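Participant: Sequence:
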Amino acid sequence: MEILEKIFGNNTHIRVILLFYNNNGRYFNNITGLAKRLDKSHVTMRKVVSDLLDVGILTEIEIGKSRVIMINENSPYTEALFNFIHSMQDIKANKRIEEIIEVRSR
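In the numbering used here, each number is its position in the sequence shown, counted from 1, plus 8.
Don't read these hints as lab results, they were simulated from the structure. All of these numbers come straight from a predicted model, not from anything done at the bench. Where a beta carbon is used, it is the ideal one built from N, C-alpha and C, also for glycine. It is possible that some hints are incorrect.
What the hints assert, rightly or not - Simulated crosslink set (DSS-like; lysine-lysine; CA at most 25 angstroms straight-line): (1) Lys-100 <-> Lys-73; (2) Lys-48 <-> Lys-73; (3) Lys-44 <-> Lys-55; (4) Lys-73 <-> Lys-44.
What the hints assert, rightly or not - Ranges between beta-carbon positions, derived for each pair: (5) Thr-40 <-> Ile-109: 29 to 35 angstroms; (6) Gly-64 <-> Ser-95: 18 to 24 angstroms; (7) Ile-69 <-> Ile-109: 46 to 52 angstroms; (8) Ser-74 <-> Ile-105: 42 to 48 angstroms; (9) Ser-74 <-> Ile-99: 36 to 42 angstroms; (10) Arg-104 <-> Asn-82: 31 to 37 angstroms; (11) Ser-113 <-> Ile-69: 49 to 55 angstroms; (12) Arg-112 <-> Lys-44: 42 to 48 angstroms; (13) Asn-91 <-> Val-111: 26 to 32 angstroms; (14) Ile-105 <-> Ser-49: 39 to 45 angstroms.
Working from the sequences, and respecting the hints, build out all of it.
Facilitator: Pasting the structure below:
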C-alpha cells in the first residue's frame, strides 16, 4: 500500500507485513521464498524476519528441516498493525469517493 510506504518509507519490513496482510494472513513461506518473492537478498530477509519474530508479528514452525514463516495471528501487535492498515485503506477509499462526487458535481 503506497500510503504506508510514503509514511514509513519503502522498507522491507513494511513489504513483508503487507505481503501477509494482503493474503489475509494465509501466506506462509521460508526465508528463501520470501526473499525471492520480494526480490531481496537472503541476508536482508533473514534480518527482517528476525526483527518481526522478536516482536511477535511473525511466528515460525519447523517442517522437516525447513523453517516456515507465517503471521502470528495471536499477537496484539499484528492485530493493531492490521487494523491500522485497514483504516488507512478505508481513508483512501473514502477520499476516492469524495473525489468522484466532486468531479461529477461540476
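Participant: For every hint, state whether the structure bears it out.
Facilitator: Cross-check of the supplied hints:
no.: 1; hint: Lys-100 <-> Lys-73; in the structure: violated (43 angstroms)
no.: 2; hint: Lys-48 <-> Lys-73; in the structure: holds (22 angstroms)
no.: 3; hint: Lys-44 <-> Lys-55; in the structure: holds (15 angstroms)
no.: 4; hint: Lys-73 <-> Lys-44; in the structure: holds (19 angstroms)
no.: 5; hint: Thr-40 <-> Ile-109: 29 to 35 angstroms; in the structure: violated (47 angstroms)
no.: 6; hint: Gly-64 <-> Ser-95: 18 to 24 angstroms; in the structure: holds (21 angstroms)
no.: 7; hint: Ile-69 <-> Ile-109: 46 to 52 angstroms; in the structure: holds (48 angstroms)
no.: 8; hint: Ser-74 <-> Ile-105: 42 to 48 angstroms; in the structure: holds (45 angstroms)
no.: 9; hint: Ser-74 <-> Ile-99: 36 to 42 angstroms; in the structure: holds (39 angstroms)
no.: 10; hint: Arg-104 <-> Asn-82: 31 to 37 angstroms; in the structure: holds (34 angstroms)
no.: 11; hint: Ser-113 <-> Ile-69: 49 to 55 angstroms; in the structure: holds (54 angstroms)
no.: 12; hint: Arg-112 <-> Lys-44: 42 to 48 angstroms; in the structure: holds (44 angstroms)
no.: 13; hint: Asn-91 <-> Val-111: 26 to 32 angstroms; in the structure: holds (31 angstroms)
no.: 14; hint: Ile-105 <-> Ser-49: 39 to 45 angstroms; in the structure: holds (41 angstroms)
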